[in-house]
Amino acid sequence: QQAPAAAANTFDAVKSRGQLVCGVNTGLAGFAQPDSQGVWRGFDVEYCRAVATAIFGDPNKVRYVPTTAQNRFTALQSGEVDVMARNTTWTLSRDTSLGLDFPAVNFYDGQGFMVKTALGVKSAKELEGATICVQPGTTTEQNLTDWARSNRIKFTPVVIERLEELVSAYVAGRCDAYTTDVSGLAATRSAQPKPADHLILPEVISKEPLALGVRQGDARFADVVRWTHFLLLSAEEFGITQANVDKLGNDPRPEVQRIIGKNGGLGPMLGLADDWAVKVVKAIGNYGEVFDRHLKPIGIQRGPNAQWNQGGLQFSPPFR
Amino acid sequence: MSDVTLETAAAKVPEAAPRSPPASQIGLLAWLRTNLFSSWLNSAVTLLIAYLVVRWTIGFVEWGIVNAVWSVPDNQTQACRDLKGIGACWAVITEKHRFILFGTYPYEEHWRPALCVLLFVGLYTVSAMRRFWRKELALVWVATLTAIGVLMWGGILGLPYVPQERWGGLVITLILATFGLALAFPLAVLVALGRRSRLPAIKALCVLYVELIRGVPLISLLFMASVMFPLFLPEGMNIDKLLRAQIAIILFAGAYLAEVVRGGLQALPKGQYEAAEALGLSYWQKTGFIILPQALRLVIPPLVNTFIGFFKDTSLVLIIGIFDLLTAGKTAIIEPAWQGFGVEVYLTVGAIYFVFCFAMSKYSQSLEAELNRHRNR
Amino acid sequence: MSQTTIDPRLMRAPPKRKLRLSWADERIRGVVWQVLVVGIVGTIVWWLWSNTVHNLEVRKIATGFGFLTREAGLPVAESVIEYSPTDTYLRALTVGLLNTLKVAVVGIVLSTILGTVIGIARLSRNWLVAKLSAIYVEVIRDLPLLLQLLFWYTILQSLPGPRQAMQPVPGVFLSNRGLKLPWLDWQDAHSLALLALLLGAVVTWFYRRQALAKRILDGQPRRIWPVALGAMGALPVLVWAALGAPWTADWPELRGFNFRGGVTVSPEFFALLLGLVLYTAGFIAEIVRAGILAVPQGQWEAAQALGLHPGQVLRQIVLPQALRVIIPPMTSQYLNITKNSSLAVAIGYQDIVSIANTTLNQTGQAIEGIAIIMLVYLTISLSISLFMNWYNARIALVER
Amino acid sequence: MSETLEYVASAARPDAPPAILLDKVNKWFGAMHVLRDVSLNVAVGERVVVCGPSGSGKSTTIRCINRLETHQEGRIVVDGIELSDDIRALDAIRREVGMVFQSFNLFPHLTILENCTLAPIWVRRMPKREAEELAMEYLTRVRIPEQAKKYPGQLSGGQQQRVAIARALCMKPKIMLFDEPTSALDPEMIKEVLDTMVGLAETGMTMICVTHEMGFARQVADRVVFMDRGEIVEMGTPAQVFENPQTDRLKLFLSQILRGH
Amino acid sequence: MSETLEYVASAARPDAPPAILLDKVNKWFGAMHVLRDVSLNVAVGERVVVCGPSGSGKSTTIRCINRLETHQEGRIVVDGIELSDDIRALDAIRREVGMVFQSFNLFPHLTILENCTLAPIWVRRMPKREAEELAMEYLTRVRIPEQAKKYPGQLSGGQQQRVAIARALCMKPKIMLFDEPTSALDPEMIKEVLDTMVGLAETGMTMICVTHEMGFARQVADRVVFMDRGEIVEMGTPAQVFENPQTDRLKLFLSQILRGH
Ligand SMILES: Nc1ncnc2c1ncn2[C@@H]1O[C@H](COP(=O)(O)OP(=O)(O)OP(=O)(O)O)[C@@H](O)[C@H]1O
Ligand SMILES: Nc1ncnc2c1ncn2[C@@H]1O[C@H](COP(=O)(O)OP(=O)(O)OP(=O)(O)O)[C@@H](O)[C@H]1O
Ligand SMILES: [Mg+2]
Ligand SMILES: [Mg+2]
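Residue numbers (the numbering used here), protein chains in the order written: chain C, 186 to 505; chain S, 155 to 531; chain V, 21 to 420; chain A, 7 to 267; chain U, 7 to 267.
Honestly, I wouldn't trust all of these hints.
Said to hold, decoys possible - Some chain V residues flagged as far from chain C (calculated, every beta-carbon gap over 12 Å): (1) Q187; (2) W245; (3) A310.
Said to hold, decoys possible - Calculated cross-link-like contacts (lysine-lysine; reagent style DSS-like; alpha-carbon spacing at most 25 Å): (4) K155/A / K234/V; (5) K392/C / K379/C; (6) K155/U / K440/S; (7) K464/C / K432/C; (8) K151/V / K516/S; (9) K30/U / K440/S; (10) K155/U / K289/S; (11) K440/S / K289/S; (12) K134/U / K289/S; (13) K156/U / K180/U; (14) K379/C / K481/C; (15) K467/C / K481/C; (16) K440/S / K156/U; (17) K234/V / K197/A; (18) K246/C / K467/C.
These aren't lab readings, by the way, just hints derived from the structure by calculation. We treat Cβ as the ideally placed atom computed from N, Cα and C, and that holds for glycine.
Chain C with its partners taken away, still in its complex shape (with noise of 0.2 Å):
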């Protein structure tokens, strides 16, 4: 398959395959998890059907491949999926030492602690001597003991691999406290029987940017899958929705009618069709809509991951 070398062409291995290839994680609930039926549903799994859509126009031109923590470097490394959808942190080192780039951040999020209500306890600086159950191999482990040193807070760690697996152990009682991504938290506390039961304290101990990933050196593939994410966004900020996409032909606003390719030229500069646009956002539909199909039922608000314009981060660069 691709060798880095070759890594500058993913786009024609995708486009001479007929497929991408897209990693996820083996099951998150709301970001990437297979339904009863056997298909992968979620927030990150449309970001893959979203790319698919762009390059093809069918969104259902892709082949997931379930990646582990330990296993999503090297697949991406080694060409085994072209694109990586699955809650990644960015950081500095692994944008250098892994041989990978970030197009794009599609999820804003930042780590934070979840108790029991019945503990009653209100803020993380509380959890002085509390058991605390983490996932081992990310950087969420390490920031624990950051925050827990910084803040002179004694913890007694419990390291379970399986995401399941901790919860069951958080539920069931055996940790005082959970910490993971605020998002997963609240994906936990709404999938809780009683989600009043459990706390999100108002701590939020990292930054956690989860971005897209792509090998290193592919600035077309990485161009492709940022303004693939851009679009969405942009599309919500306009009011552009899988409803109304077809019906835009007359739209007065000029930004509009360039995202949907009315007067050519977007498309093509990225090596993708003039209408790819309309395609993207009539099988997935925009940010808000991906956001409010898959977060929102797992009672994750908007939060950082609001438009730029309405308190949040995330912004769109112009499509001109």
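On the provided structure of chain C, position chains S, V, A and U with the ligands as indicated by the hints.
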């Protein structure tokens, strides 16, 4: 001849009527007395165990059948949650059983892996019957495995193509176990022969292989196959993830089986080697016709034991993100609606493993008995 | 006597064999084959190696064990030695290794005991006991260990929380945080008393041996318990009292979220241990049963006919013979326990694999991480093998 | 038949109390009736040879005497102690009764000497030195003192059986039971063992011996007991039994074993 | 001694080229010198019986002839081919030399017929039908054609040994080697096998046979070779060797085996 005279003569001798033993000697009562209540300690143990068994059985029946919820309308698991653990929520199996069995294989195409499972079972059954132990069996294997490959991949005969990443569940377990053992076995035979070779370098290589591989846990090998293998290959070259796991399992099983086979080789009397040599058979003729057929027969029980072990060990591929039966079961309960019903899923998955392993273990026992009967006349 | 009659001139040493360069010569063939096979294997290894080196270079992945001295920053829940996240990776890995050894050693001891009991129970004359042991063995052997571990972990988690902890004995708490036991506020006096106890045990053991040997020699029975009481009871107490008899116990008590003080047996350790022991005991039971059945019935009868008591029959006659059949497969089971303990990753017991995984994830040093795991397990496995082989050779039967 | 029994039993030293008394002993294996009203009275110092076709209950009878099997009806009294479920009685009897098996059953992990001293040391609590002296004495009696340091696996079958006899003698039993001690041996070794047993018989030891060696029976037996299908069919002196069999069964049996030789 | 050797060797059909020639063969196991300058000349059609005490190197000698053992000094020429490290020569010789072992060494997983046809089919590349006909012929010759479909485990020892002979014959060897073919058999079966061998000897086959059966040696042997401690001590016709032993060693040996019987 002398037997005949004895028989006829003895028949003439009037036989004293045998008395039946006193009542305490036969019947249910006697059986109970000797087997369950032969001393006060025995009686106490019997009563205690009987009590526990009855209690647990009743508890399980109540939980698993009487109070159980068998299905719920589309993902509304409230009914299950209301049970608060006093009854099983089999609805999770009703809802997810196809995912557990077939993973992310395209839903409409599930008949294909289902057929494959049947083919596997059929293959095992045929191979288990001694009257089919002929050369043609190898052809049956090749044909069946090919058919399974065609069914799973598709792409021809009008079957839509299904990439390997979408395979999952029981089929993956069966594939990993069957291919793993089918390929590890010849490897093991070669290594076992090599370990008994007179050529020091070959012997050393085999010893090194066996000891190195046996000394480390399977998960570290799987891990290496998953994380590091891409680094071993030239840039751009890559091997499918399932195949890598498969290779790791083959290498691991090969080392274990090699030791079992070596045991058989060692148990064979030296005279058999010498007789074959004296007849002028070449090394490979000797090995193929004389040594292996006997050595392998000797080690069928430990061989089957090892098979059982590896059938179960395929569940370790979950470490590297392949959706085998167990991983599929675990993934099925990630969905928020179904979180918390792990026990039901684990019980089901465990039952499936149990059926296969138990069948193997019973089979090995009967086979052992049969072969032994054959040996002594 | 035969040696003396042999003509000394005939006592020659064998000549060296000459090698003839011909394909028909078996030894030449042997050499060629070996060179070929070793060459192929060597080439493959070299090829993989050079690929790896090249790939590492291209991908700018640093190699070397320098990371071992860096600060780990990973939290470890339970540790035999002092550990904090500010320690180095090396220390973290050591902690993992000790955790592995801890569960392996305890597991080996317990599963040997349990397996022996179940194996003997399968031969019990009580039908129910025998049948249940048989069912136990079948079920345990036919279910994946991983599933069993998860099962036990789930069960342990369903214990009440720390605030509702069960208190079977005052000061002992059982909750889903584990088993909390009171512990002494450790001081030198205790260490010395413990030392004295150990010394006492050794003395008692030697005395018992001596007494038994003497009793065998002259037939006079000797009392052992007074010596045992003195050496293992009085001596430590004396030492302890002489040093001021410090006695402050560290009682576990609920403070904040959790128990403080005392010692803990964590649910993770316990679940792993439980799973491993129950699983392996199933296999050991079969080995023990086979071993005992391998001792012919005649041996039992002969020993009984001599008037030996059942205990003596077992100790003097049956076990020594059964052990020879038992030891080799038992070695494999011990190795399996050690290796299976690496499944601890799944239920959050931080053994060497768990910590090495985290290490290689954080540092990106995959090769080194896996090399460390493999090296550690190889060392443990080979040590167990060596020890068991030595033991096996020691008790081997003398035939002709 | 019972008259015959009474007659012969009383003929053998009627004054001494019996060493072994079997009184209407019955035994079943499951529903199979293997001993039927077996009554036998062995006087002190008497030497009884038991013969009969295979499966006739010979082994079972003598195994009942030291309670390797339990009987279900009737009484067995050995050296004045009645066999019952009482463990102390059992211990006492096993100490007085030595047994030699067809398949030797030496302990392969112990040396010859250890085989012989094990029971004296652990059961009789004899000092080791003394036990060893005793063992060497009996090993000398069976003519293999030089093998004392070897292991059973290093001895021939005949030597092993002689060790088994010495081992039983080391417990200084009052009664010796032999269950086909020579039938697992090669012809040349049979003689070694029979010689040893003849020597033993000459010391006046009470013996019950299951064997088909006619020569031995003639030479040493005070009485020959013929069993068939769990019953004692005939008994009497060797001369009576061998030259003048009363029943068809015995005649048939004798013709068979004589033909076999 | 060497004069005797020369004399006897040349006495046996001096005109034909020898079937087997051993010339000062020496062999060591490790440092143990087990064959010392063994020289022997077997003419075509000659029947040689080798005897001697246990451990004297009889088995080793005949195992060297078909190279189940390798010798280290001296020459062995079989049927005109010199034994060396050359594998082709070895194959040629093994095809011409049949061997019968003390412990039969039949292949237990193959039927009698398969035991006999295996080598002809695979080594001689004979068609299966033909090989089976041949096998039946030889099985008939050893008088057990009716056992062809059975497995070795179902046959008595004597029958098994006869199968082993038939198996070797099926390769149509020019030379047959027998290593104590009767010593693992019961007395009654020994006769069966010896009869078969006598029959074979009458066909004029070249044979070397290690055996202590004096009767057999007298009846068929052209020459008897007596070995002791790795040396050929005496050889000659049966009459010479048995009635008129020259050396003390042979005298001692003969007295022993005669006493043994
Ligand atoms: N443990 C047992 N369970 C069931 N039946 C038994 C058992 N032991 C012996 N029998 C049966 O009891 C009968 C008498 O057996 P016993 O061994 O006493 O015969 P025997 O006269 O010693 O024969 P042999 O000469 O073959 O040793 C036989 O039919 C035998 O099959
Ligand atoms: N493989 C071997 N390794 C070492 N020594 C051996 C080996 N085979 C035989 N020997 C020794 O070589 C000597 C000759 O053995 P060989 O078997 O030829 O004797 P033999 O005359 O056939 O005796 P037997 O009548 O007992 O069969 C013996 O001392 C024997 O111990
Ligand atoms: Mg008997
Ligand atoms: Mg020999």
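Outcome of the hint check:
With a minimum CB-CB distance of about 17 Å to chain C, Q187/V clears the 12 Å threshold, and the non-interface call stands. With a minimum CB-CB distance of about 44 Å to chain C, W245/V clears the 12 Å threshold, and the non-interface call stands. Distance check for A310/V against chain C: the nearest CB is about 37 Å away, which clears 12 Å, and the non-interface claim stands. Between K155/A and K234/V, the direct Cα distance comes to roughly 22 Å. Compliance with the 25 Å bound is thereby established for this hinted pair.
For the hint linking K392/C to K379/C, the alpha-carbon distance of about 28 Å lies beyond 25 Å, and the restraint is violated. Restraint check: the Cα-Cα separation between K155/U and K440/S comes to about 22 Å, which is no more than 25 Å; the hinted pair holds. Distance check on the hinted pair: K464/C and K432/C sit about 13 Å apart at the alpha-carbon level, within 25 Å; holds. Annotation: proposed proximity of K151/V to K516/S holds, straight-line Cα distance about 16 Å (limit 25 Å).
Taking the CA atoms of K30/U and K440/S, the gap is near 32 Å; set against the 25 Å cutoff, the hint is violated. Proposed proximity of K155/U and K289/S is supported: the alpha carbons are some 20 Å apart, at most 25 Å. Only pairs whose Cα atoms come within 25 Å are accepted, and K440/S paired with K289/S is accepted, the gap being roughly 18 Å. Pair hint K134/U plus K289/S holds up; C-alpha atoms about 17 Å apart against a cutoff of 25 Å.
Our distance criterion of 25 Å between C-alpha atoms is broken by K156/U and K180/U, whose separation comes to about 28 Å. Between the alpha carbons of K379/C and K481/C the distance comes to roughly 17 Å, so the proposed pair stays at or under 25 Å and holds. Pair hint K467/C plus K481/C holds up; C-alpha atoms about 20 Å apart against a cutoff of 25 Å. Annotation: proposed proximity of K440/S to K156/U holds, straight-line Cα distance about 22 Å (limit 25 Å).
The suggested pairing of K234/V with K197/A is violated, with an alpha-carbon distance near 41 Å, which exceeds 25 Å. A threshold of 25 Å between alpha carbons decides the hint, and for K246/C with K467/C the separation of about 15 Å falls inside it, so the pair holds.
Hint compliance for this structure: hints 5, 9, 13 and 17 are not met, and every other hint is.
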